[in-house]
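Visitor: The primary structure of each chain is shown beneath.
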Amino acid sequence: MTAPLLEATGLGKSYGTLVALKPSDLRLNRGEVRALIGSNGAGKSTLIKCLTGAVTPSGGSVLLEGKPLPLGQPGAIIRSGVSCIYQHSNLAPMMSVMDNISMGRQPTRFGFVDRKTQRTQVQDLLARYGIDLDPDALVGTLPTVKQKEVEIAKALAQDAKVLLMDEPTGWLAVSDVRRLHETVRLLAAKGVGIIYISHMLDEIFAVCDSLTILRDGEVVTERAVDRISRTEVVAAMVGERLARESLAAADSGRKATGSGEVRLSVRGLGRRGVFRDISFDLHAGEILCITGLIGSKRTEMIHALFGSAPHDAGEVLLNGKRLVPRSPAWGMANGIGLVPEDRQHEGLMLGMPIRDNLVMTTLRRFHRFGVLRPRGIDRSVSSLIAALNVQPPRPAQLVGRLSGGNQQKVLIGKWLARDPSVLILDEPTVGVDVGAKAEIYALLRAARDRGMAVLVVSSDLEEVTTLADRIGVMNRGRLLSLRPAAGITRPELVAEIGADA
Amino acid sequence: MTGLMTRAAPHALTLCVIAFVMILAVLEPAFLSGSNLIGILRAVSLVGIMALGMTFVIMTGGIDLSVGPVSAIAGLVAYFALVAGHGLVAALLAGAGLGLLIGIANGLLVASLGLPAIIVTLGTLSIVRGSALLLGGPDLHGIRDQAAYSFIGSGAIYGIPVPVVIFLVLAAMAWLLQSRTPFGTLVAAVGDNERAAWLSGLNVTAIKAATYGLCGLLAAIAGMIQSSQVHTASATYGKFGTELDVIAAVVLGGTQLSGGAGSVARTLLGVLFLGLLNNGMNILNLSIDIQLIAKGAIIALALSLAARRTG
Amino acid sequence: MPSLSSRLTLPVFFLAVLAIFCLIAPNFASAGNFENLMAGYAFIGILAIGQSFPILLRGIDLSVGAILALVGMCIFDLSLMFGVPGWAILPLALLVGTLAGVVNGLMVTVLRLSPFIATLASLAAYRGLVYAISGRQLVPELSTKPITDRWITGFETYFDLTRVLGLKGVVKLPWVPLSFLILLGTLLVFHVLLAHTRFGRDLYAIGGNPEAARLAGIKVGRLTVAAYAISGLCAAIAAILLVARLTTSTEGLGEGIELTAIAAAVIGGFSLTGGTGRLLGSVIGTFLLGIVLIGLTQMGISPFVQQILTGLILLVAVGNDRLQTLRADRQRARALGEVPA
Numbered sequence: 001m002t003a004p005l006l007e008a009t010g011l012g013k014s015y016g017t018l019v020a021l022k023p024s025d026l027r028l029n030r031g032e033v034r035a036l037i038g039s040n041g042a043g044k045s046t047l048i049k050c051l052t053g054a055v056t057p058s059g060g061s062v063l064l065e066g067k068p069l070p071l072g073q074p075g076a077i078i079r080s081g082v083s084c085i086y087q088h089s090n091l092a093p094m095m096s097v098m099d100n101i102s103m104g105r106q107p108t109r110f111g112f113v114d115r116k117t118q119r120t121q122v123q124d125l126l127a128r129y130g131i132d133l134d135p136d137a138l139v140g141t142l143p144t145v146k147q148k149e150v151e152i153a154k155a156l157a158q159d160a161k162v163l164l165m166d167e168p169t170g171w172l173a174v175s176d177v178r179r180l181h182e183t184v185r186l187l188a189a190k191g192v193g194i195i196y197i198s199h200m201l202d203e204i205f206a207v208c209d210s211l212t213i214l215r216d217g218e219v220v221t222e223r224a225v226d227r228i229s230r231t232e233v234v235a236a237m238v239g240e241r242l243a244r245e246s247l248a249a250a251d252s253g254r255k256a257t258g259s260g261e262v263r264l265s266v267r268g269l270g271r272r273g274v275f276r277d278i279s280f281d282l283h284a285g286e287i288l289c290i291t292g293l294i295g296s297k298r299t300e301m302i303h304a305l306f307g308s309a310p311h312d313a314g315e316v317l318l319n320g321k322r323l324v325p326r327s328p329a330w331g332m333a334n335g336i337g338l339v340p341e342d343r344q345h346e347g348l349m350l351g352m353p354i355r356d357n358l359v360m361t362t363l364r365r366f367h368r369f370g371v372l373r374p375r376g377i378d379r380s381v382s383s384l385i386a387a388l389n390v391q392p393p394r395p396a397q398l399v400g401r402l403s404g405g406n407q408q409k410v411l412i413g414k415w416l417a418r419d420p421s422v423l424i425l426d427e428p429t430v431g432v433d434v435g436a437k438a439e440i441y442a443l444l445r446a447a448r449d450r451g452m453a454v455l456v457v458s459s460d461l462e463e464v465t466t467l468a469d470r471i472g473v474m475n476r477g478r479l480l481s482l483r484p485a486a487g488i489t490r491p492e493l494v495a496e497i498g499a500d501a
Numbered sequence: 001m002t003g004l005m006t007r008a009a010p011h012a013l014t015l016c017v018i019a020f021v022m023i024l025a026v027l028e029p030a031f032l033s034g035s036n037l038i039g040i041l042r043a044v045s046l047v048g049i050m051a052l053g054m055t056f057v058i059m060t061g062g063i064d065l066s067v068g069p070v071s072a073i074a075g076l077v078a079y080f081a082l083v084a085g086h087g088l089v090a091a092l093l094a095g096a097g098l099g100l101l102i103g104i105a106n107g108l109l110v111a112s113l114g115l116p117a118i119i120v121t122l123g124t125l126s127i128v129r130g131s132a133l134l135l136g137g138p139d140l141h142g143i144r145d146q147a148a149y150s151f152i153g154s155g156a157i158y159g160i161p162v163p164v165v166i167f168l169v170l171a172a173m174a175w176l177l178q179s180r181t182p183f184g185t186l187v188a189a190v191g192d193n194e195r196a197a198w199l200s201g202l203n204v205t206a207i208k209a210a211t212y213g214l215c216g217l218l219a220a221i222a223g224m225i226q227s228s229q230v231h232t233a234s235a236t237y238g239k240f241g242t243e244l245d246v247i248a249a250v251v252l253g254g255t256q257l258s259g260g261a262g263s264v265a266r267t268l269l270g271v272l273f274l275g276l277l278n279n280g281m282n283i284l285n286l287s288i289d290i291q292l293i294a295k296g297a298i299i300a301l302a303l304s305l306a307a308r309r310t311g
Numbered sequence: 001m002p003s004l005s006s007r008l009t010l011p012v013f014f015l016a017v018l019a020i021f022c023l024i025a026p027n028f029a030s031a032g033n034f035e036n037l038m039a040g041y042a043f044i045g046i047l048a049i050g051q052s053f054p055i056l057l058r059g060i061d062l063s064v065g066a067i068l069a070l071v072g073m074c075i076f077d078l079s080l081m082f083g084v085p086g087w088a089i090l091p092l093a094l095l096v097g098t099l100a101g102v103v104n105g106l107m108v109t110v111l112r113l114s115p116f117i118a119t120l121a122s123l124a125a126y127r128g129l130v131y132a133i134s135g136r137q138l139v140p141e142l143s144t145k146p147i148t149d150r151w152i153t154g155f156e157t158y159f160d161l162t163r164v165l166g167l168k169g170v171v172k173l174p175w176v177p178l179s180f181l182i183l184l185g186t187l188l189v190f191h192v193l194l195a196h197t198r199f200g201r202d203l204y205a206i207g208g209n210p211e212a213a214r215l216a217g218i219k220v221g222r223l224t225v226a227a228y229a230i231s232g233l234c235a236a237i238a239a240i241l242l243v244a245r246l247t248t249s250t251e252g253l254g255e256g257i258e259l260t261a262i263a264a265a266v267i268g269g270f271s272l273t274g275g276t277g278r279l280l281g282s283v284i285g286t287f288l289l290g291i292v293l294i295g296l297t298q299m300g301i302s303p304f305v306q307q308i309l310t311g312l313i314l315l316v317a318v319g320n321d322r323l324q325t326l327r328a329d330r331q332r333a334r335a336l337g338e339v340p341a
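Residue numbers (the working numbering), protein chains in the order written: chain A, 1 to 501; chain B, 1 to 311; chain C, 1 to 341.
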C-alpha cells in the first residue's frame, strides 16, 4: 500500500473541559472520495475546521504527501494544497468566472494583468478537468451548481490536492446533483483526493468510495462503501445507546393521538419545487415528531405553517378554522409558536440579556398605558428561569455568553411563555449537552400534558424515539409515513429515512 | 491590569466625564459656577435633543444624516405659519408634523425597500435642504413681535433657560421610552437580530419607521428652538456637520453603529462629554482649529477603544 | 463583466438627458455652456473617481471635502507665505492628500473603526487642521492676494478645439479646459489600474468577498489603505484644479462636496455593498448631475430645485440598484427552481 495523500493522526480539539473532537485518525488516498458523516454535534464540523485552519487543533498532526500541514493557518493550508468548498459561497459575485478562478494570482506582464495568458490558463484548467464554464460569465448570474464548479476550479487553480466539500448539494436540484457528482468522479479519476460531507445517504452511495462515520466526537466506523449497508450506516450514526428498556419506559407515557381533539390540520400543503402533498393532523396533547435526513425540506414546511415562508398549494386548519399563514406575527396571533433551528441567527438576540429575550414574545402583557411594569416582568422572568433551570439564573446575563444548552432553554422558554396552542420546534436540541437535552424533553412533555399540541422536527433518531407520541418521516419534500411511535422499530424507521425515494 | 481595564471599560465614559470636570475645575475655578454649568447645558441642548432621536435610529442599525436640514425646514415652516397668523400652537404643530413626516418617509424607504440608510438619508438631506431653500430662500427671516415664540428659545424658568428645560424634559421622556416601555426593547431587538425579531412576531418595518419618525420629530423641535433662540428662521440652519456632532454623541455613548443594545442615558453622557469638551476648550482659550482637531482625534480614539473592547 | 445592456443603461440615459436639455433649455447647447460644464465639474469627477475606491471596498470616505480644503490651504501657504515655486508645490500637494488618505486607511484597518466613523472623525480633524494652518488668519493681509504662480494658475487653461482640429469656420466647438483633460487622464490611469492590473482585480475581490480574498492570499489590509490613499490623492488633484480656478483657497473649500462625490459614484454604478462598479460610470454620474443642475438653472428653475433633484436622483439610483439585484435574484431562483437563500 502506498503512502496516503492526506494522513491525520490523533487530531483532536477541546474547548476547556468540553471535548468537541476526541483524538481521531483520518486517511485519504489519491483519487479517493471519502464520505464524512455524522449527525449534528458529532464533531464533523470541528474536524473540517481543523483541516481548513479555521480552528487550531489541541493535538495531533496532519501530513499532506508526507509533509506536515501548517495547522491553524487558513491561507497557508490552502497554498499547500488543501481547499474547502463551503456551503456558503466563497466567491466574488460581481466578478467574472475567470477572475474568480485566478483570484489573487492573475498572471501579469509589465505590471498589467495578462488577459491572454490568464484565459489560456483557465481554459486549460477547465478542459483538463472537464468542467464546462464560460470564463467571461459573471459569477453572480450563474446557477448554484455552476458556482460550485467555479469554486472547484478555483481550488484546483490553487493546486489543490485535497478538496473538502461541505454539503455541496444542499441547494441543488436533482439533475444538478448528478452533474456535480460526475465532476467529483472526474476529479477523483485525475488523482484529487476528496472528502465529501453530506447527510444524503443516496449521494454517499452514489459518489463515494469509502466513508468515515463520526459520533459523539469520535470516529466510530471506517469502511469502503460497498462493504456497508444503508441500515448499518444509519445505525452507526445514531448509536445504540438507547436500550430496549428505556424505549419501553418511554412507551408507557405515550398518547398516540393526545386528547383526540384535532388542533392543527394540514391538507395537501405544497410549495413548488420544495415540498408537496403534506397532509397530517396534529392533536392537542401530543408530540408529533417529523424526522428525515437534512434536506428533506422539513424546515421549509414548518415555516410555511407558521407564516414565515410561503406555500402555494393546500390549506391549514386550526381548530377547524381555515388559516392563511401570512407572517410570524399573524401565526402568533393564532396561537402558533415556532422555535427556529438556528438559535444564533434566527432565534435569539445574543447581545441582549436573558430577561429581554424571555419577554420578547410576551411584552404586550407587561405594560399599562404603554409603560412597562418591571415588577411583572421580573416575576415572570424569574419564574421562567426557575422553570427552565437556566444557568446562571441571572436575568441580566447576556444571552450570547450562555452555553448552547442554556441558550436553547431561553429560546424555548421565550415561546413557552406565550403558552401557544401549537408549538413547533425545529431541531430543539442541536449542540445541546445530554443534561440539558433531558430537561428540554421534560419541558416539552409537561407542555404536552397541559394540552399543548407539539410538533418537533428532528434528525436525531434517539430524540425522535424518546420524545414522540407519533412519528412522521419526510423524504425529499414528501411525508412518507405517519405512525404511532409505540411499537415502531428502529430498523423500520432507519429504512424509511434512508429510502431511495 | 487587564482585569481592571475590562471591568472599568463600561464606565470609561463616566470616568472621562468626571476626570474632565475635575481637571477643568482645577484649571479654571469659574468652570464650576452655576452659570457656566447651565451655559454648557444650553450649548448642548440642540445637539442633545437630536441625539435622543438618533439613539433609537442607530439602535436599529440605521443612521439619519438628514437631521440638519430637517431642523432648518421646521424652523422655517413655523416662521411662515406664525407670519400667516395661524397662532403659536398651529405653528409648532406644523413644524413638528413636517419633521415627523420626513422621518417616517426616511424610515419607510429604509425599512420596506431595504435601501441603505446612509444613502437614503443623504438623499433626503439634499431634498429637504433644497425644499427649505425653495421655501425661504437663502436669507434670514427675522422673527419679530412673537413674544410667545421667542420665549421658547430665549426665555427662562426660575433662571434656567427654556431650551435646557425642554431638553431635560425630552431627555426624561426618551429615557422612559427606551428603558421603561416595550418600544425600547423592540428597537434593540430589531437592531440586534432582525430576522429573529421578525420570527418573534415583531413588525420590523413599523418599528424602524417609528424610530426615524421620532428622529425627524426631535430634529424639528430642535430646529424650532434654534430659530426662536436667534429670532430668525433660515433654510441654511442646521448646516452640514450638525448630524456628525449628533452621531458622535450617540456613538460615544456606546450605542454601536451596527445596532442592538443602546441607551438614552449613555447618549446623554456622550452629549455631556462633547459639551464639556467644547466648553473646556473654550475656557482654555484654544482656537477653533485645535478644537476641531482635538475633537476628531478624541472621538476616533474613544471609538477605537470601544471597538477593541468588543473585539 | 456585466451584460452589455446593463452597461449601456447609464450612458444611454446620460445621452437622453443631454439631448432633452439641448432641446428644451435655452442656450444649453452653446459652446460657452459646455465649457462651464466641463470646467465646473471636472474636479468633482476626479473626487468621484477617488470616492469609488473606498466604496468598492464596502467603505466610504466622508473626508474628501476636508482633504480638498487641507491641500488647498497648503498650496495657499506655500505659494503666498513661503514663496515656494509652483513646480515644487505640486508634488507636495499630492503628497499631503495621499498621506491624509493613508491616515484614513490606517484608522479603518489598524484601529478597526468603521469607515463611516473613521472618516467622520478625520473630516473634523482635517477641517480643524485647515483652520490651524490657514495663511488667511496667520497673515491677514494675504487673504485678498491671489495666487499668481504660473505653475498653478496654468491649470486654468482652455484649448481651442476648433483650431486644433483645423475646423475653423466650419463649426464652433467648445474650448476644452485643461482640468477636463486632467480628469480624462486621471480616469484613464485609474481605469487601467482597476481593470488591468492585479492590484485592481484584488480590490474587486476584496469588495466582493473579503474573506475569500484573504484566503486567496490577498493582502486585504494593505490594499484597503491604498484605496483610501487613492481617494486622498484624487482629492489633492481636485484641490489643485480648484485653487487654480479660484486663484485662492478658503477654509470652507469643498464643504459638503463629499455628498456629490458619493452620489456620482453610486449613480455611476458603485454599489455600497461593494465589489462592483466602473470608474467611467462615476464620471458619467458626475456629469449627469452637472447637466441636470446646469440645465435647470438655464431654464430659470430655482437653483434650490437642483438640490432637491440631486437627492431624488440619488434615491432613484440606489432604488434602481436594489431593484435590479432583487429581480436578478428572483429570476435566477425561478429559472432554476431553487429556493432563494
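Please keep in mind that the hints were generated in silico from the structure rather than gathered at the bench.
One thing to keep in mind: the hints can contain errors.
[To be verified] Label-pair restraints from in silico Cβ distances:
no. : chain 1 : residue 1 : chain 2 : residue 2 : range
1   : B       : T236      : C       : G221      : 37 to 47 Å
2   : C       : M299      : B       : G97       : 52 to 62 Å
3   : B       : L135      : A       : G75       : 54 to 64 Å
4   : C       : C22       : B       : I288      : 43 to 53 Å
5   : B       : L135      : C       : M299      : 54 to 64 Å
6   : C       : A195      : B       : A19       : 50 to 60 Å
7   : B       : G97       : C       : L165      : 52 to 62 Å
8   : A       : T141      : B       : A90       : 51 to 61 Å
9   : B       : A84       : C       : C22       : 39 to 49 Å
10  : C       : G300      : B       : L135      : 15 to 25 Å
11  : B       : L140      : A       : D342      : 53 to 63 Å
12  : A       : G273      : C       : N27       : 56 to 66 Å
[As the list claims (entries may be wrong)] Residues from chain B that face chain C, not an exhaustive set, calculated with beta carbons under 7 Å:
no. : residue
13  : L115
14  : R266
15  : L269
16  : I293
Please read these numbers as outputs of a predicted model, since none were measured by experiment.
Just so you know, even glycine gets a beta-carbon here, dropped at the ideal spot from N, CA and C.
Visitor: So, for every hint listed, does it hold in this structure?
Guide: Tested hints:
1. Checking the proposed 37 to 47 Å range against T236/B and G221/C shows it holds: the Cβ atoms sit about 41 Å from each other.
2. Between M299/C and G97/B the CB atoms are about 33 Å apart, so this pair departs from the stated range of 52 to 62 Å.
3. As the Cβ distance of L135/B to G75/A is approximately 57 Å, the hint placing it in 54 to 64 Å holds.
4. Between C22/C and I288/B, the C-beta spacing of about 46 Å keeps the proposed range 43 to 53 Å intact.
5. Evaluation of the 54 to 64 Å hint for L135/B and M299/C yields a failure: the beta carbon distance comes to about 20 Å.
6. A beta carbon spacing of about 52 Å between A195/C and A19/B agrees with the range 50 to 60 Å that was offered as a hint.
7. A hinted range of 52 to 62 Å holds for the C-beta pair G97/B and L165/C, which are about 59 Å apart.
8. Range check, T141/A to A90/B: Cβ separation about 56 Å, and the 51 to 61 Å hint holds.
9. Separation of A84/B from C22/C is about 42 Å and conforms to the stated range, judged on CB atoms against 39 to 49 Å.
10. Our hint of 15 to 25 Å for G300/C and L135/B holds, since their Cβ atoms are close to 18 Å apart.
11. Judged by the Cβ atoms, the range 53 to 63 Å given for L140/B and D342/A holds: they are separated by roughly 57 Å.
12. Distance hint check for G273/A and N27/C: the Cβ-Cβ separation is about 59 Å, which falls inside the suggested range of 56 to 66 Å.
13. About 5 Å separates the beta-carbon of L115/B from the nearest beta-carbon of chain C, less than 7 Å, and the hint is met.
14. Using the Cβ-Cβ criterion of 7 Å, the hint placing R266/B at the interface with chain C is not satisfied: the shortest such distance is roughly 17 Å.
15. A distance limit of 7 Å between C-beta atoms decides the matter here; for L269/B the minimum to chain C is near 18 Å, and the interface restraint is violated.
16. For I293/B, the interface hint holds, since its Cβ comes within 7 Å of a Cβ in chain C; the closest pair sits about 4 Å apart.
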